[in-house]
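Asker: Spelled out from the first residue to the last, the chains are:
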Amino acid sequence: MLVDAIRLGVGSLIGTLIVLLTTASAQGAERIYLKYGPLLFSLSVESLATFVHTGEITPELARYTSQLDQNTRQQLRQALQQPYTMNEVAVYRMTEIPVVVDFLQGLGEVINTPSGLNGFYAIRSALVLAAAEPGDWTMMDVIHHFPTDIRIDVERAMQRFPVMP
Amino acid sequence: MKRRDFLTTTVSVAALTYLSRQAEAWSQNHHQLHSSQIHRTYPSWASRDLFLQGINAPVFQEVDLDNLPVTGEIPPDLAGMYVRNGPNPMFQPIAYAYPLEGDGMLHAVYFEAGKAKYRNRWILTKGLIYEMQAKQALPELRFRNYANTHIIAHAGKLLALYETGLPYEVSRDLETVGEWSFNGKLEQAMTAHPKLDVDTGELHFYRYSFFTEPYLTYYVANAAGEITRTTGIELPQPALLHDMALSDNYAIFCHCPLVFDFQQAMRTGIPLVWQPEQGARIGLIHRHDLDRKPIWIETEAFWVWHFMNAFEQNGTLVVDCAYYPQMILENTLSAILSNRSRFQRLTINLDDRTITQQTLDDRNVDFPSLDRQQTGKPYRFGYMPHMDLELIAQKAIPNYFPELIQYDLVNQTSQVHCLQPGCYCGEATVVPKSNATSATDHYVLTWVFNEITQTSDLLILDAANFTAAPLAQIHLPVRVPMGTHGSWIVAGEAA
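Sequence lines, in order, name chains Y and E.
So the first sequence is numbered by my numbering: it starts at 3 and just counts up by one.
So the second sequence is numbered by my numbering: it starts at 1313 and just counts up by one.
Among the clues, some could well be false.
[Stated by the list, open to error] Each computed SDA-like pair below joins lysine to any residue, with the alpha-carbon atoms no more than 25 Å apart:
#, chain 1, residue 1, chain 2, residue 2
1, E, Lys1447, Y, Gln107
2, E, Lys1497, Y, Leu119
3, E, Lys1438, Y, Val91
4, E, Lys1447, Y, Asn89
5, E, Lys1438, Y, Arg95
6, E, Lys1497, Y, Gln107
7, E, Lys1438, Y, Val93
[Said to hold, decoys possible] Restraint-style ranges between C-beta atoms, simulated for each label pair:
#, chain 1, residue 1, chain 2, residue 2, range
8, E, Pro1548, Y, Glu90, 55 to 65 Å
9, E, Ala1467, Y, Asn73, 55 to 65 Å
10, Y, Glu135, E, Arg1579, 24 to 34 Å
11, Y, Ile59, E, Arg1579, 23 to 33 Å
12, E, Asn1534, Y, Ser117, 35 to 45 Å
[Unchecked claim] Chain E side only, calculated, beta carbon under 10 Å to chain Y, not exhaustive:
#, residue
13, Gly1439
14, Trp1586
15, Glu1589
Think of the hints as simulated: they come from the structure by calculation, not from any bench.
Don't be surprised by glycine CBs; every beta carbon is placed ideally from N, CA and C.
I would like the entire structure built from these sequences, with the hints used as guidance.
Answerer: Set out below in structure tokens:
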């Protein structure tokens, strides 16, 4: 449903974006670049994955998470490891719905390829590939399946998707 | 209301309700059609959702019915097809947000030489085909393109419309052809309420977006179906725009404060929120001067689903609509009863850009219609069903309209066609007489549901004698659920 799509996307937002907010990462995507005005920060996806899986904050990640309180860090971790069960066929069908396409294109204006292209196709393919993995899948899997490194436009993200605390 | 009247009304409604339930139970077993009349039967189901009960309940048969019995006489000059769309979910939904959900079903009556035949068909959208394959509603396909809101003819095509999806082309015999993107020039969606300029054959329409700028895009397609204009319109915030109006020089949009709110969507799951403190803005986009910037005029908050018409006169722009002082978008009976509308005229002074307002009728009305030849021009007659909130409160089910109102905008009068007890109408569709010489020379068509027999009739009223018995009442042995919008398609207008 629309709201689920929004939540899913915002999971991805919160996953990626929140992630963004605080971090960045990479592999499929190996690095996440956070563009903030003229500034560009980066984070390895590996650091993010370590945090999600073990709760450990690597020195690299600490540069971003030191600004966050414990509660927000916990929300971020939860968002990235929240399990989804929808299979790849269902995910693909959902991403064909016009209003969801509109949403993903809006999201793609925030989550870009490294060169700044709209991330729509990359997000869609990463969602489908993550959903095709055996068993449950998470936004961390989506990040892993992102076909390129990820660039997030933080200012635009906060303006378009004001979901951050 | 006097106590006695109240009691009489209450007892009558209770009796009717009882009778209709008995009739419903009876009729579900006794509407026997000949097998040759049934195109396909699908498994039926029942729901407790307000918008899937009573007059709103879906039907599960696609049928072809010839030689329909008629009370009165079908006017022999009526040649063409009346087709109406509406949500009719094939599979029991997991949850249901009327009218945004529900597979579109078309109901068509074909007129030729004083005879009528009926056909109904689901529109086979991509999402419905996926569900037919799965034999159930699929949760990931909610809010897909249901093609369930309107059907129009343009550039030789019949197009079933849904405001967050591309039009679905259907044939005259209601077979689904597929999505129509104006040769790839239209992305993702178009409004379900485009406006046809009958003089040029141009179709004026728009698309709104919640997530990508511009949040509003205005299009014009020529009579051949080629898009000739695409104009992005800046909105400060994404919003739902259900309808537009058209005058000689302007395309008219109302940016009402039912706005898309991402935080609210995340918090409550309802993405649209009523924010009256923002007020409303009326945008005038010049049709002919492409370089001219939009004119935006601010006014107090209101909501509009549908415009009756707009026209320019003596330096003013007149906009008539079903006007809601507030809109709470929830599918509960209390929200439905709190959204009171009225027929309102907004007169915009094009020099000083001020607005004056006049209530033309304070009855709760919507689903406006008029002779489409009058679109954008000074007009005399318009129609709306009276959405009697007292009756709806008594029935505790929405969409029971016991009478149809004819407005004479020139003389500022109205007349009511009262339906028989237990009978309820939908939107009216105006059909000009073939030899029309005056504004009264038209027929008014509407579907009427009879809750006693659990069947539907198509009524043909004479505009010149509006309160009288119908010229013809075409009886169906089946029910046509309350739907949304339809069109009269003249012979040869669509393939």
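Asker: Checked against the structure, which of the hints given earlier come out wrong?
Answerer: Numbers 1, 8, 14 and 15, in rising order.
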